[in-house]
Amino acid sequence: MKLPFGLGAKKAAAAKPKGHDASHARGVMAFAHTAEVIRAEAALKAAGFPVRVMGPPPDMRTGCDMVVEFELMREPSARRVLAEARLAPLAVAPVRAGMLEPVSLFQSVDFGQWLMVRAANMKVTVDKETRVIVNVSGGGCPDVPALAELMVGRTLEDAPAPLERGQTLCSYALELAFREAQRLLPLDAGSAS
Amino acid sequence: MAAPKIVDARGLSCPQPVLIASDEMDALGSGRMEVLTDCGASPENIGRAAKAKGWKLVSSAEENGTVRLVLEK
Chain Y
1 MKLPFGLGAK
11 KAAAAKPKGH
21 DASHARGVMA
31 FAHTAEVIRA
41 EAALKAAGFP
51 VRVMGPPPDM
61 RTGCDMVVEF
71 ELMREPSARR
81 VLAEARLAPL
91 AVAPVRAGML
101 EPVSLFQSVD
111 FGQWLMVRAA
121 NMKVTVDKET
131 RVIVNVSGGG
141 CPDVPALAEL
151 MVGRTLEDAP
161 APLERGQTLC
171 SYALELAFRE
181 AQRLLPLDAG
191 SAS
Chain E
1 MAAPKIVDAR
11 GLSCPQPVLI
21 ASDEMDALGS
31 GRMEVLTDCG
41 ASPENIGRAA
51 KAKGWKLVSS
61 AEENGTVRLV
71 LEK
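Residue numbers (my numbering), protein chains in the order written: chain Y, 1 to 193; chain E, 1 to 73.
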C-alpha cells in the first residue's frame, strides 16, 4: 500500500526510496490558531521554504486543524523566520504515516454549465461562461455565510479573496478553492472570449 | 395569479439544488417559484443565489425534512 509521502511504513523505509533519505525528511509544525498557520505559511514561503499546509495526525490535534509541513533539516532556520514574524509553533514533529491529505489537494466536478471546485471542506461553484460564482458551501465556520454573501453573484475577478475577509480554516480552504477555480477558468477562456 | 413554477430538487446534494434553482430563475426571468430541497445547506445557499440574481426569498418552511422556498421577482 502506498502511504502518504512515502513515510512511516517499514517496507518503504527499508527500501530507502530515492528522495526520502534524512536530508529530505519532512516535519510538521502545529500552531494555536488557523490565523497563525496562514501567517506561518506565508512567512516561510516568502523566505524561500518549500512548505505546504496539511491536516495533522490525530495525536497532534491542537486547537487548529492544520499544520505546516516543512523540511525537517531546516527547522532552526524556519524557526528564526517564524520568530521574526512573531510566531512560535506549539509543536514540531516528523511527518509519518497517518497524516491527513494536504488541504492543497483539489477535487473538481464539472456540472456542464458550472464547475465546482473543492478544497478540503469548502466548495465554490462557478458559471463556466460568465465566471460568476453561483455557490459557496461547506465548512461550518462562523465566517462562511459572510464570505458567501460577499462572493456569490460576483465574478472570479470581482469577488474578494476569502483570506482578505476571513481567518478560519474554512476561509483558508475557500481561498485555495477560489484560486484553483481562477486557474481552471482563466479570464481569456471565459466571459472575455 | 399564475401558478408558481415548482422546482423539485429533493434527493440532490449540494450544490445541485442551487444550480437547478439558479437555472430556473434565469429561464423564468421573473415571477414566482417554489423550490423543494432536502439538502441541509441548500436553503441558505439558494436564498443567497436568489438575492444575487435580484429575486426575493418570500418564505422558507420545513416539513418532514423538506424545505419549501418561495421566491419572487
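Warning: the hint list may mix true and false statements.
[As the list claims (entries may be wrong)] Derived pair list, reagent style DSSO-like, types lysine-lysine, alpha-carbon separation capped at 27 Å: (1) E/Lys51 with E/Lys5; (2) E/Lys73 with Y/Lys128; (3) E/Lys51 with E/Lys73; (4) E/Lys53 with E/Lys73; (5) E/Lys73 with E/Lys5; (6) E/Lys73 with E/Lys56; (7) Y/Lys128 with E/Lys53; (8) Y/Lys45 with E/Lys5; (9) E/Lys56 with E/Lys5; (10) E/Lys5 with E/Lys53; (11) E/Lys51 with Y/Lys128; (12) E/Lys53 with Y/Lys45.
[Unchecked claim] Some chain Y residues near chain E, calculated using beta-carbon distances under 8 Å: (13) Phe106; (14) Lys128; (15) Val152.
[Claimed, not checked] Non-contacting residues of chain E with respect to chain Y, defined by C-beta distances greater than 10 Å in every case (computed): (16) Ile6; (17) Leu19; (18) Leu28.
No lab work stands behind these hints, which were simulated from the structure alone. Please read these numbers as outputs of a predicted model, since none were measured by experiment. The beta carbon of each residue, even a glycine, is placed where N, CA and C say it ideally should be.
Evaluated hints:
1. E/Lys51 with E/Lys5: 18 Å, holds
2. E/Lys73 with Y/Lys128: Since the Cα atoms of E/Lys73 and Y/Lys128 sit roughly 25 Å apart, the hinted pair holds (cutoff 27 Å).
3. E/Lys51 with E/Lys73: 10 Å, holds
4. E/Lys53 with E/Lys73: 9 Å, holds
5. E/Lys73 with E/Lys5: Since the Cα atoms of E/Lys73 and E/Lys5 sit roughly 12 Å apart, the hinted pair holds (cutoff 27 Å).
6. E/Lys73 with E/Lys56: Holds, at about 6 Å.
7. Y/Lys128 with E/Lys53: 17 Å, holds
8. Y/Lys45 with E/Lys5: 52 Å, violated
9. E/Lys56 with E/Lys5: 15 Å, holds
10. E/Lys5 with E/Lys53: 17 Å, holds
11. E/Lys51 with Y/Lys128: 20 Å, holds
12. E/Lys53 with Y/Lys45: 39 Å, violated
13. Phe106: 16 Å, violated
14. Lys128: This interface hint is violated because 12 Å lies over the 8 Å limit.
15. Val152: Nearest chain E Cβ about 5 Å off; hint holds.
16. Ile6: Given a closest Cβ separation of 21 Å, the condition holds.
17. Leu19: Violated, because the least Cβ-Cβ distance between E/Leu19 and chain Y comes to about 5 Å, which does not exceed 10 Å.
18. Leu28: 16 Å, holds
Checked against the numbered hints given earlier, the structure breaks hints 8, 12, 13, 14, 17 and satisfies all the rest.
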